[in-house]
Structure formats: C-alpha cells, structure tokens
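2 protein chains.
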Amino acid sequence: MATLVDIGVSAGINLFSATMFLLAFAVLRLQPFNDRVYFPKWYLKGIRSSPTNSRSIVKKFVNLDFGTYIRFLNWMPAALHMPEPELIDHAGLDSAVFIRIYILGVKIFAPTTLLAFMVLVPINWTGKTLEAPAAKGLTFSDIDKLSISNIPFGSKRFWAHIGMSYVFSAWTCYSLYKEYMIIATMRLRFLASERRRPDQFTVLVRNVPPDMDESVSEHIEHFFCVNHPDHYLMHQVVYNANMLASIVAEKKRLQNWHVYYHNKYERDSSKRPTTRTGMMGLLGTKVDAIDYYTAEIEKLSQQEAEERENVINDPNAIIPAAFVSFKTRWGAAVCAQTQQTSDPTIWLTEWAPEPRDVYWENLAIPYFDLNLRRLLTTVSLFFLTFFFMIPIAFVQSLANIESIKKVFPFLKSIIEKPSVKSVIQGFLPGLALKLFLILLPSVLMAMSKIEGYSSLSVLERRSASKYYLFVLINVFLGSIVTGSAFQQLEHLINEPSSEFTKTVGSTIPMKATFFMTYIMIDGWAGIAGEILRLSSLITFHLKNTFLVKTEQDRQNAMDPGSLNFATSEPRIQLYFMLGHVYAPVTPLLLPFIVVFFAFSYMVYRHQIINVYNQQYESGATFWPDVHRRVVIGLIISQILLMGLLSTRGTSKSTLLLVAQPVLTIWFHLYCKGRFESAFVKYPLEDAMVKDTLERAIEPNLNLRHYLQEAYVHPVFKGDEFEKQVNVEDEEENPLIQTKRACRSSKPESDNEAGSAASSTTVAM
Amino acid sequence: MATLVDIGVSAGINLFSATMFLLAFAVLRLQPFNDRVYFPKWYLKGIRSSPTNSRSIVKKFVNLDFGTYIRFLNWMPAALHMPEPELIDHAGLDSAVFIRIYILGVKIFAPTTLLAFMVLVPINWTGKTLEAPAAKGLTFSDIDKLSISNIPFGSKRFWAHIGMSYVFSAWTCYSLYKEYMIIATMRLRFLASERRRPDQFTVLVRNVPPDMDESVSEHIEHFFCVNHPDHYLMHQVVYNANMLASIVAEKKRLQNWHVYYHNKYERDSSKRPTTRTGMMGLLGTKVDAIDYYTAEIEKLSQQEAEERENVINDPNAIIPAAFVSFKTRWGAAVCAQTQQTSDPTIWLTEWAPEPRDVYWENLAIPYFDLNLRRLLTTVSLFFLTFFFMIPIAFVQSLANIESIKKVFPFLKSIIEKPSVKSVIQGFLPGLALKLFLILLPSVLMAMSKIEGYSSLSVLERRSASKYYLFVLINVFLGSIVTGSAFQQLEHLINEPSSEFTKTVGSTIPMKATFFMTYIMIDGWAGIAGEILRLSSLITFHLKNTFLVKTEQDRQNAMDPGSLNFATSEPRIQLYFMLGHVYAPVTPLLLPFIVVFFAFSYMVYRHQIINVYNQQYESGATFWPDVHRRVVIGLIISQILLMGLLSTRGTSKSTLLLVAQPVLTIWFHLYCKGRFESAFVKYPLEDAMVKDTLERAIEPNLNLRHYLQEAYVHPVFKGDEFEKQVNVEDEEENPLIQTKRACRSSKPESDNEAGSAASSTTVAM
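Residue numbers (UniProt numbering), protein chains in the order written: chain P, 1 to 764; chain A, 1 to 764.
Take these hints with a grain of salt, some might be off.
A pair counts as met if it fits within one copy or between any two copies, since identical chains are not told apart.
[What the hints assert, rightly or not] List of simulated lysine-lysine pairs, DSS-like, C-alpha gap at most 30 Å:
no., residue 1, residue 2
1, 405, 107
2, 286, 421
3, 717, 252
4, 449, 672
Simulated from the structure, these hints should not be mistaken for laboratory data.
Isolated chain P (complex conformation) (with noise of 0.2 Å):
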C-alpha cells in the first residue's frame, strides 16, 4: 500500500509534468505563428487578425518580447476576467454553462473538505485500531490512518460517519438544487433576450403519411392549413441530400490534394508531381497528380450537378419530414408541444433544432424502425458494456508472438529479435485495449445515430449518457472490483445484494491512493495536456505548409474544436462520484479533487474564450442529464457507504442510512418537476411577450422572407436554384385555391401579402 510519501512522489511528478505543460503552453501560444492555434476563437469572430501582416520577418514567428514570458501564468486571471454574460454573449450558453459544472464540483467539495478535514479526519486519526498491537501484522499507511479502516470494529464513531454523510448529501442536494434553479433561469433569460431565430417560429413534423393524391408537399400544406388555421404560414420539405452530400465532400477533399500538389509544383516547377491512382496513393499506375486531380474532380462536379437536378426534379427525393414555420411563436409552440392527430406514429411534431443543429441523414426513419431501432442499440450498448473485453482478449490473443508466427511464417526472423519481441508483447496487446477506447466514444456516437435522433445536440446527449454507463461500470466499478464487467454481472446476480454492495463497500478505502494517482495522471496532468492543443498545433503547421494559399485557406486551417459534451462530461461525473463516495471514507482523497475542479474550471474558461467554436447552441440543454447523473452517483455513494460500514460491525446503525437513498431519489423527482420543463417545453406565455414586442418594435417584417432559406440542406446553401422554383411557383402553383381557403384571422401585411401565394416554397 501506498503510504504518504508515495503520493506525494507521484504529485510531484505530475505536478512537475502539469507544469512543464503549462510553461510550453505560455511558451508557444505568445509565438505569432501560433496565434491561430491558440486563439482561434477571436479570428472567428473577426475581431483579431493574422498579427504576420505589420511586423518584421522574425517579429512574424517569434516573441522576442521576454517581458511576457515571465508572466507565464497571467492567462489564468485573463480567463476568470470575463464577466459571465458577455462569456454568454461570446461563448455561448451551452459554453458558459458546460464550464459551471467546474464550478459546481468546487461549490460542492471546498464546503465537504473543509469539513471532512475538521470532523472526520481527527476522529479517523485518534482511532488508533491499526496502531493497536492486535493489528501488529497488517501492513497499512498514514494515509489509511486518515481514513475510516482506522476506526475499530463496531465503535460508536463511526455515528460521526453517518452523520457526516447525512450532511454531505444534504449540501450536495443544496448545491445541485442552487445550481438548477441559476441555470434554469440562465436558460429563459437567454431565451427570452434572443434575437429572432428560425427555429423559435419552426416545427420539425416527421413521418407525414403517404397520400395517393397528393404530393408530400401538398399533403403537409393541407393538413396544417386545416389544423393550424390561424397560424400555419408555410414549409419547408427535406430531401434525401444524403448522397449529394457525400459527393460534395469527397470533391472537397480531391479539391485539397490538388490544392497540395499545386503548391508543391509552385515552390519547385522543375517536375511535375505525380500520383498512384490506387489505395491512398500508394498503389495503382503512377500519373500526374494535377492533371488527374483536375480531372477527378470535373467529373465529380458533372456528377454533382446531376445528382443536384435528379433530387430537385424526383418526387422520391423528397422525405416524409418537414420544417413547418408558423406566424408566431405562440403558433410554434402550440404545435410543437401538442399533438396533431389520433395515431400517435405520424405528423410527430417537436422543435425544430436550430439549422446548425440539424443532423439531416436521420429525418426519415419511420416510427417501427426507430423502435427496432434502440432495441438493437440498447441490447448491444448492454453486450459492449459488460463484454467488450472479450473480442479485445480475442485480438490481444492473436497479437501474440505464437500466432503471429503461425500466420505470417515470413517474419519470424524478426520479431524473434529480443527488442522486437518485447515491443509486441509489452505493447501490442496493450494498444488493442487502447485504441478500443479510444474509438469508444465513436463508437457510441454511430449507435447514437442509428438510434435515429435528428439534431446533433441530442445526438450528443445520448452518447454522454452511454460513455457514462461505460465509465460506471468500467472504469469506477471496475478499478474497485477487480475482474471484467462481466465478472461484476455474474457476482451481482450469482450474490445476495447486500453482499455485493458489502464486497464492492469494504474495497473502497483501499483503493483511495489508486484513484488519488489517477486523478493526478488524468485530472491535473491530462487537463493541462488539454490546453497545450499538442494535436491541434501540428495539424495546423502541417496544413499552414501544404494546403494554405489565400487568407481563407488559413481560416480553413485552424480547427478550433469544440467541448466534447459526449465524452468530457461522463468524464466530470466520474469525478463527482469519487468525490462522493471518498469523503465519508478517505477525506485525504478530496482535495485533490477539489484542485481538479478548479484547474479545470480555468483552463476551460479560457478555451471557451479563446479557442472553442461550438457547433451548435442548445441552450443548456443538456443540464437535466448532468444533474441527473450527479444525483446517480450520489446515490451509489449512499449505497456504498451502506455496504462498508455494515462490514464494520454497525448494522443496525447502518439502518439508518436507508432513508437517505429514498430522500435522494425524491430531490431528484422534486427538481424534476420544477426545473425540467424549463430545458423540454416553450412556454406559451413567453412566447407570447416575444411575439407581442417584436410586433409592436417590427410591424412591417416579412417572416416568410426570413425563414425563406432557413432550413436548407448544407449542400443547397447559398444555391440560386431555390429561387427559380418559387418564381414558378408563384405562376402556377396548384395550391393557390387551397392557401385561400385557409381561413386567416389577421390581414397579411403589405410586403407579406406578396408572396403569400408561394407558401410551398419548395426550398428544403
């Protein structure tokens, strides 16, 4: 076992590394020809600009300014500078609040140190079980002192212990409570100040039924004209742009390579680069690279153009989805919260998701498949959870030298060779586990899309909650209970319950100083790697070199990258859960959670200044989920207290911890009710104040106009192709008769009664 030095070496390795980090970081982001790396952020809104333009030659690439190296550290106040609605305003919310989770693991446990400190470490310390000469043989440490394995069999200190945990969950409760009641306000506040957004006036319908007589598009007009009379003001139809899109991008990508082999024959005219035409340029009959991108991509542009009018003009190009758009917000809301007919698997209505937010490959699934749909999914996310080391064990067995041998005769001399040896048995096995969880969260991501969600945001949301039931059961059961995951499922089933939460309980103080190191090497060391931006750096000096020519090339370049909700989060939880779980057992383990959250706190909030440019904006959508599963691991920690200390001689005490889980569970419900809906549903009467100021501030808007070109397929952006439509449409529209009968409550206004008869804008 561990003892106090132990892990003060280990902090002081990782300290070490975190700061050697941190020095590169100052070092390398204070360079100019770094500054897209480090502050893309800025350059994308337009307010900074390549800082190469007005200084001399080596000014351009290096800081000779040594004044500023010395302050190495001054990013730190520069990030926690930035009020938080301007953060809003410049981050945006998702941003802004992803950061507060930080904040609410230091509100939670700086509190919980503090005390634990005052309360439990000296009762812990003066138990004396393990000085005692009856516990001569027992190997143990200062740290073990600290924590409850100090305390002897059945003692009545352990009533501190409960006590304590009482307490702790009761300011966890607070602070969740606290926490969820801010950000829920954060959200309408944000809400109710936004600018006019297509989709606060949009509807996303799926699943409109075939109809024999008309078209899709007719049939969607006919039926909101009807339902909706008052309200309906038009539509957008999807089409299956799927394929269009993948050629678009592999144009895209041709178009690079010949923008790389271009100014490679710039900068030396004396040959002509070539290329294989085979796999990635490695096989295949040798050609010239220019003249055979060139001609690639002229060929995939005459496909392109084909495949453009083949969906324009196939009626089956069109989905059974739509983006209906209502006059008002009041009109929006009614029909996204409501629902439109007796058969509960057509005309799904629900928010549109802003345009960005739009995951387009998903909005035709019908209703069955999305059934059958997540049924697969779940049932394989239970197989990959609990089994996923079979088929790694599988690889792993096959990547050992015997079978290498057997299968490849020829290359025996060679990893014969004691260092190629134990390369491959020290490593390859390893690096099979390790690429596994690396496209782990990949993984999870394409099951989240065959589940069939349709914005990117939820698509996220759901691969967060899988990685968390991952990292659960993987990495925190997992490390306390030795075996696989299925070992786990097989104790849980083949053990009484009690015995189980009692084995998993009484395991916990012993893995304190493992979790302590892992929080350094992954926590304070990993967190600080995440503000170098290693990858980010060479990808963009690679690019800088090869492909960039014009000003928006290099705005190209940069790769801001966003927060990972999907697997940043489950990350923050697991967290939380040792912080948990450790501060009724090892209060030592706490602070350096504490440090975690803090650290990360900053260098996040820097990102979000500087560097992060986030796709999409949710609103804070996904605060439900993380408080929920805040609350889950609390509850695991209740429950594991409950199985340790029932080891410890106190069973009947321990009974009074049984209701802690039950009032838990009940917070949980209660905030439920009163937050929740503030992240799902628009309420009817904000939606009316907004409606009602921008009449009065706008009278004379033209919505139609405005929503016009909202929710368009990427790939038809900026096309002109959606305006010679409505120019026919406008002649010859068979629907005209139908828009008259569509009662209308209020006289159109002037500019809007213009194009009041091209209400299909058959535009997607």
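Based on the hints, put chain A in the right spot on chain P.
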C-alpha cells in the same frame, strides 16, 4: 399433497355453492318486489317502472308464473345478447371496456390451454420421474404427474417448456396488442361520436399564483386573455365548499332519521316515537324524536344558509384553481397540452375531468405539498405492503385471553367459559386480519386522496395500482413463499437474486393445487355471490320499509352500485398472473382460469346491463394501466420460469429465456408509444373536426350559456344564487374594460354578445 380426487371434491363443493347462488339469484330476481335490486339501471334510465302498479296484491310481491323458474339460467344468453355498440351506449365505455378484460383473459388462455394440453401434458405425463424406483419415497399425486415436476433432472424435454414459454408469451403479446388497438379505436370513436360535453371545452387550471392587485378571478381572466386571446371564453372559479358540503351531508342524514320516525309515527299513531340525544341515539336524555329532528334540521338549515353566504362573500373562500373554458375544443386541447409559463409549478393546466368526476376537496393543494404528499404516501405504501403484519400481530396479541383478563379483570368470569374462550381464541385473531383486508381498499383510497389527485377516475386508478402491489406481494408471492412479505424482503436482500428466483420458482409447482382451490373459492363462488347482491338486497328492503314514502324516496333507496375498478381490476390481474406462471408449469390449472374468465364475463355483462350505474365516464382511460399490469405479470412469470428451470439441471438452456423479458419490455414500450397517447392526449385534428362540424350544424350555439353552470360545486347545483350574481355582474363588472382589450378574432354570434360582458361567471 392434494390428489385429483381432492381437487374434484373441492370443485364439486364450489360448483354446488355457485349453483346455489345462481338458483337463489334466479328465484329472487323474478320476484317483483326485488325488481329494483336486480334491475336498478333500467329504473334510473326511466325505462322500467315499478311493476307493483298494475297487478294483484300477491303478484305485486311474488312471481307465480312457474314457467319462468325453469329457465333459471336464461339471464346468461340475455346478457350476451346486447351488441357492443348498444352496450357502450347503454352502460358507458368504461363498463364496456372493463368487461373486455375478462374477454381478453379468455382470448389469451383458451388457446394457451389447448396448446398446453396438446403439447406439454403428454410430455409431462410420460416423464416418469415420479414413478421411477428412485422416487419411491416421494409422495406425489396425479396432478404432479401432469406437471413439470415429472420431468427428470437435466432432461432434454425441458426444451419443450422453453419453446412453449416463448409461444405463450408471443400469443399473449399478440392478444394484448390487438386488444390495445381495438380499445384505442373504441375510445377514439367514442370521443368522436360523443355529444357536446362541458369538459370538451374546459381546462382545469391549478396553482394560480397570488397577485397583490387582483382577485383570483381577475388574475385568471387577464392571464388567459393575454395568452390565449383568440380562444379564451370564460372561467369558473372554485369555492372552498368542503365545510358547506359536510353540513349538507349532515342535514341529509338527519332528514333520513326524521322521515324514519315520521313513518313510524304514521303507522302507529298511538305513541310519539322517542330518541336519545347522545351517541347514536343510545345515550343521553330521552326526547320526542320528531320534534328533536325537526329542530336539529332547522338549526342546520340556518347554519347552511350562513355558510353559503360566507363562501360567496369571503374572497378567501376562492381557492387558486379554476375551470377555464374556451370557444373551441381546439383552444382547450391546446391549453391542456401546453405549458403556460416558464415556472412549471404555477398555472398548471390539464383537461378538466367531467363535472361528475371532479374530486373537489383536492383542487387547492400547492405544488410543493403535492410532492411531499407523494413521498409520504410512497413510503407508507411501502411499509403497509411489507410490514402490515406487524400491527395486526400486535392487535392479535392484545385480543388473546390473557391480555383481556389483565385489562378488564371484571370480564374474567365470562371469558373463562369454554364456549366464549374458543370464540375468542379461534375467531378474534382471524377477525383482526379479515377486518384489515376489508378496510384495505378504503385505506388505499384515502392514501390516493392524500396524494392530491383531482378526479375520481384518477383516484380509482391510483388505488388500483396500490392494491395491485399489495396483491402481488402479499397474495401471490406470500402464498408461494411461506412467511411474511417482510421476511421475503429480507430474503431478497440477503440472498443472491438468482437464488431468490430459484427458491420462488421451484416452489411454484407445489402450490398449484392451492391456487386451484383459491380460484374456485374466490373466482367461481365469489363471482356467483356477486350476482346475488345479497347486501344490496337487504339494504334495499330495510330502506324500503323504514324510509320510503314517495316514489322519489324509493328511487333513492336503490343502490345500484358500480364496477369497483380499484379492487376488481387488481384481482383480475392476479388471475392473469397465475395463468402466465402456471401455463408452462402445471397446465392443469389453466381450465380453472378460463372458466373463471368466461363466467365472470357473463356475470359482469349482466350486471353492467341491469344493475351498475357508473358515477362517471372516463372513456376507458384505465386501459394503459391494465395493459401494463398484464405485461408485468407476464415478465414476472418469465423470470420465475427461469428460476424454476435453473434448479432442474438446465442452466445452459435457461440462458435462452433471458431474451424473453427483454423482448417483452420492448413490446410494452412499443405499445406505449403506439397507443398510450390515445388515452392521455386529445389530438388537435379530432378537436378541429368536431369544432367544424358543430359550427356547421349549430351556427348559433350559445356556448357561454351552455357552460355557465357546468362546473358548479355539487352543493350549489340548482341554486338560485348564481343567477343573481350574473345580473350584478353584467352591470358593474370591473373587468369589462379588460374584456374589450381581449382581442377576439371572430365577431361573437348575436345571442352570445348578450352575455359577453359576464365573462367572470362567479358561478363556481
């Protein structure tokens, strides 16, 4: 263990008693003086009138047409004769759907029985374990030879049981799916064809926030004028008339006594009847009964008038809830399904229950209280279910001879008589348990009322859920595993969960005979007893003798009763569960269940046609609960089968059964998504269709007038006073200005305009 002969004897006894009940019913129901006991429904409908008017004195009371006695079962075809649409029209959808639960039982278990007898019985019969020489020492019966117990340990024959389990589950799910679909369609058709009803236009608003400057009524008016400007019509505030209602009830009781003594005096005018003023007319001073009750009624009438005055004039008597009505069903559907403000704890809207269905006492509970009440009832339900034996054991220990001797020493001589002693010892402990079980439904209903639901139908559904839990744990599991529920809970915690299912599973075959007799007593004879209506018969004749003076009194003396969903439905669920559990284990039990379902169907069909009078009509809203509970029973049976088989040396093949509960859960979720919304939401399309139709048929409908008195508290029903209020209202209502400010999209029809000013109908 019971043999086939034992079961035969038991069946004979129960069949005999059932036949006796039916014979008694056949004789009694043909006597004219019992007509109002056995055909009250027709009297209430006004279709049947007392047969006593037109015949001779003897024939008034006794049916002498002996031909009718011979066909003593002819009520059965008569009960089946009425076609379903007519039945729905006659008895309401709730009743018609309720008896479909029995039909569902027949549909599920008749084919299951057939298949089980064709496949499993031969396989079990030829298993020969119990006849094998090795099993010589075992006692077994022919029933066991037909059950799974007869299959040798680890035999391949278990594959048949596993396969049949899948077949049974698939057939059950198919039947459930079909039934859900049929009932959803029935409900939608019922709602669509319904005549105009106040609840179609009305929304119940709860938790109206207090306002400094406005009364509750004004506040509601303003809020809905602003947020539903085109649809809001009027509202009715709710008075806290609980006090008044109890005075009215007390007055009614005294009036009954008054009539009783009056009748007594009329019959024998020689002496004035007397009563005592103390408890239940037993203690206190002797007074002249008629004078006493006249004076008491006088006093109460005065008190009632005062209270009425109070309620109307005291602004604090208005509770922060209201029934808000809209101009169209569309408007009401929108308001009921959307969230009104960003704070989800105020302005809560839900569909108004029908006026008869409102539970007035619960309308004023604030949001936080509601949460707290639910926590408390959940916890107490848990204790009630698992620890109910403790207080009963305590009462039983008090009710033994020794403690009675201690507390009441003067009774010593009496209770030591052998006859009294045996009564106390044999009867009192059983009585305590029986009393508890009789009181249980009322206790559960009281708990549901504390939880704060606002309509009778929801209260009944919630009570049914609680009762189901109790039946599941204490009747089903309690009969299989000996010991109290609390001991089972202890087992569940301290044993491996797989061990627990094994213990329960392996006990199942042994309990088959017990459940067979249970079904015969509770199911067959119990249902036959239901049709006899013995308690109603007695009550009616008592009332008829002592209280009835006019035809109206006789009408009131009828107690048609109603389907008691809260207790009947959970009992049916027990039979479903038994059927599912025993289908693959002891197929011999299945015919008993099929007979129960078929017989009950006939009895209850007869009852709902001729007897029961439902208090409210919820449109079969309870079906999702029924469906869910059948599925829960099915899943429990699947898990228990796994437990059973894993003790029979087939642990590998048992793994195949794991998929079954997963698929069943998925099936449930699918059905829920597919059909549940038909029971909880009101689609806009349907609302629009009904609105349009109504506008076409009755363009001049004065909806305001129609809704005026709909949601008046029953104690105010038929009162004069609301009209008075309306008159002042029209003159000096301070809200007229607001009313004008409230935009209305269409000019109101002529006769509507007259009462337009009286928007705040203070008519409660």
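Verification of the hints:
| no. | hint | result |
| --- | --- | --- |
| 1 | 405 <-> 107 | neither (57 Å within a copy, 64 Å between copies) |
| 2 | 286 <-> 421 | neither (37 Å within a copy, 111 Å between copies) |
| 3 | 717 <-> 252 | within (15 Å within a copy, 76 Å between copies) |
| 4 | 449 <-> 672 | both (27 Å within a copy, 23 Å between copies) |
Checked against the numbered hints given earlier, this structure breaks hints 1, 2; the rest are met.
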